[in-house]
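Protein chains in written order, with my numbering: chain A, 1 to 300; chain B, 1 to 300.
These are computed hints drawn from the structure, not numbers from a lab. Just so you know, these numbers come straight off a predicted model, no measurement behind them. Be aware that one or more of the hints could be misleading.
A pair holds if it fits inside one copy or across any two, identical chains being indistinguishable in the list.
As the list claims (entries may be wrong) - No farther apart than 20 angstroms at their CA atoms in a straight line, the calculated lysine to aspartate or glutamate pairs in the EDC-like style are these:
{"hint": "1", "residue 1": "Lys48", "residue 2": "Asp17"}
{"hint": "2", "residue 1": "Lys46", "residue 2": "Glu294"}
{"hint": "3", "residue 1": "Lys103", "residue 2": "Glu142"}
{"hint": "4", "residue 1": "Lys262", "residue 2": "Glu127"}
{"hint": "5", "residue 1": "Lys183", "residue 2": "Glu121"}
{"hint": "6", "residue 1": "Lys46", "residue 2": "Asp17"}
{"hint": "7", "residue 1": "Lys120", "residue 2": "Glu160"}
{"hint": "8", "residue 1": "Lys48", "residue 2": "Asp273"}
{"hint": "9", "residue 1": "Lys53", "residue 2": "Asp85"}
{"hint": "10", "residue 1": "Lys120", "residue 2": "Glu214"}
{"hint": "11", "residue 1": "Lys103", "residue 2": "Glu214"}
{"hint": "12", "residue 1": "Lys103", "residue 2": "Asp273"}
{"hint": "13", "residue 1": "Lys133", "residue 2": "Glu214"}
{"hint": "14", "residue 1": "Lys120", "residue 2": "Glu196"}
{"hint": "15", "residue 1": "Lys202", "residue 2": "Asp180"}
{"hint": "16", "residue 1": "Lys48", "residue 2": "Asp177"}
2 protein chains.
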Amino acid sequence: MLAVTILGNNSAVPAFDRHPTSQVVTMDGELFLVDCGEGTQIQMMKYKIRRSKISHIFISHLHGDHYFGLIGLINTFGLLNHLQDLHIYAPSPLQEIIEWQLKVARTTLPYKLYFHSITKEETLADEGKIIVKCFPTIHRIECYGFSFHQKKGKRRLIVEKAREYEIPVAFYDKLKDGADYAKKNGELVKNEWVTEDGPPGKTYVYCADTKYDESIIPHISDADLVYHETTYLDALQQRAADRFHSTSKQAALIAKKANVKKLLIGHFSSKYDTLEEFETEAREVFLNSELALEGVTYRV
Amino acid sequence: MLAVTILGNNSAVPAFDRHPTSQVVTMDGELFLVDCGEGTQIQMMKYKIRRSKISHIFISHLHGDHYFGLIGLINTFGLLNHLQDLHIYAPSPLQEIIEWQLKVARTTLPYKLYFHSITKEETLADEGKIIVKCFPTIHRIECYGFSFHQKKGKRRLIVEKAREYEIPVAFYDKLKDGADYAKKNGELVKNEWVTEDGPPGKTYVYCADTKYDESIIPHISDADLVYHETTYLDALQQRAADRFHSTSKQAALIAKKANVKKLLIGHFSSKYDTLEEFETEAREVFLNSELALEGVTYRV
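Work out the full structure, taking the sequences as your base and the hints as a guide.
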């Protein structure tokens, strides 16, 4: 099951018990962290995220509300004697910022830290059941969105066919994995005779910080779930444009044009003490829009 | 009134709803921040600290649990359009770490940020009613404690004497400020004839992270309130020594030897889910010991 849990849904300044950006994408027990604003490790404890399961962290850009919590998390992993490799994907200056802070503290981590510099649209990771890609967005500084593609599911068994070929039940799991079956008489039963394509893999896309920009549509087209920022309500469209952010209606318009199944909206400005209006405005344009609320897990 | 409010009382890893180190020292409406672990700005909101009143921040050392929240606070001050100068006193590598992070985000602050590099025992600030000094402690890396000295109070008026010299009541406030009074006939009434010394100023000392070290005693002698770290209980004395930290009993012994009036203990290891035992152990050695609890303000 592919899902995303929101740890922080606010923009630059924490306010109204909303925190800077961070999300955990989970795929059958594997955890991928997306952005890591200040206090992310504390939010993880609050929402009982199994942080020891995190081995890949994706940082969209180097505005503090998206990464100031990373050094603390890296440090805590060390103190908790986390031994698993940790891979960080981010614009390149991050590596030096982190390494410098470790150096002045004379910290030696008990695990290996790998920095992967993001510079362009590409596939970042191909891990088990998931592929993670990135694409540039238009923001004040270099910034990337991330898409999580669940690989196609196992093949679906056509039981009556399998029986017809007298394949033992004990072999059914191998059939689902795509194996052919060799009968005792030497005859080969081809996998495609007794199975059919499994369900398509699901896709979740995190669009990071961005101004209204239709050039991201190819990256989110037909996605099952898309998170798009909505720093401002529609009335502040000019401010959004000036600051390279989006409004509720702009996020919804992108979702509509990209024919996505569902839209999550977040990255709310601390100007707003309540959020309902964001959902109302987005739904006027794209009905299946929902607020990204902290502590809530959204199944893709 | 001199007081200290605890924002974080835990050591390296946040745990059990305890946060990394940060405290606010207040003196008649002026706020001084001492250390700034991750999440300090969020703790400030929780405990309604008037962060706009902060213009001096003292960072004891560059272990993350004492400064990872600083860049977020500096950034937030900028976003909230704080205009007052901000002075930061810390070991020197901090300046470059902060400036680099501002640079990669292309952040221009609307206020002036002054870094003051601490390198030795000295007077750091002499602000209004308070003097702040620092002194080195023995820790794994360069580390400093801070002492806050309230200046002597106003002079105390001896009313019968003032009446004897026929000084008008309207001039009494000036007498308390130390002024002489010139009578109409030209006769001068010396201030010391009609006033006496005001109450002595109070002193609060923050001893930062330190192993058991009697060389700090001259800096805390006779202080009204002293905060000393107690990362471990007495049973882990060896671990405390190995890691350049102190135990409950060691903190209390220092307080006793320095003849301080009251001891606050904090910087608890995340090994401990409850804290009562720290207070019990400290009180066996120095009775006026108290746990530093988050959100609580201790009057000096």
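Hint-by-hint comparison with the structure:
1. Lys48 to Asp17: Both ways: Lys48 and Asp17 sit 18 angstroms apart in one copy and 13 angstroms across, limit 20 angstroms.
2. Lys46 to Glu294: both (10 angstroms within a copy, 17 angstroms between copies)
3. Lys103 to Glu142: between (26 angstroms within a copy, 13 angstroms between copies)
4. Lys262 to Glu127: Neither. Shortest intra-copy (25 angstroms) and inter-copy (56 angstroms) distances fail the 20 angstroms Cα cut-off.
5. Lys183 to Glu121: neither (47 angstroms within a copy, 85 angstroms between copies)
6. Lys46 to Asp17: Both. Shortest intra-copy (13 angstroms) and inter-copy (9 angstroms) distances satisfy the 20 angstroms Cα cut-off.
7. Lys120 to Glu160: Neither: 49 angstroms inside a chain and 83 angstroms across chains, both beyond 20 angstroms.
8. Lys48 to Asp273: between (26 angstroms within a copy, 17 angstroms between copies)
9. Lys53 to Asp85: within (11 angstroms within a copy, 43 angstroms between copies)
10. Lys120 to Glu214: Classified as within; 18 angstroms inside a copy, 57 angstroms across copies.
11. Lys103 to Glu214: Answer is neither: 42 angstroms inside a copy and 29 angstroms across each miss the 20 angstroms cutoff.
12. Lys103 to Asp273: Close neither inside one copy (40 angstroms) nor across copies (30 angstroms); limit 20 angstroms.
13. Lys133 to Glu214: Classified as within; 18 angstroms inside a copy, 57 angstroms across copies.
14. Lys120 to Glu196: neither (36 angstroms within a copy, 74 angstroms between copies)
15. Lys202 to Asp180: Neither: 27 angstroms inside a copy, 85 angstroms across copies.
16. Lys48 to Asp177: Neither: 33 angstroms inside a copy, 58 angstroms across copies.
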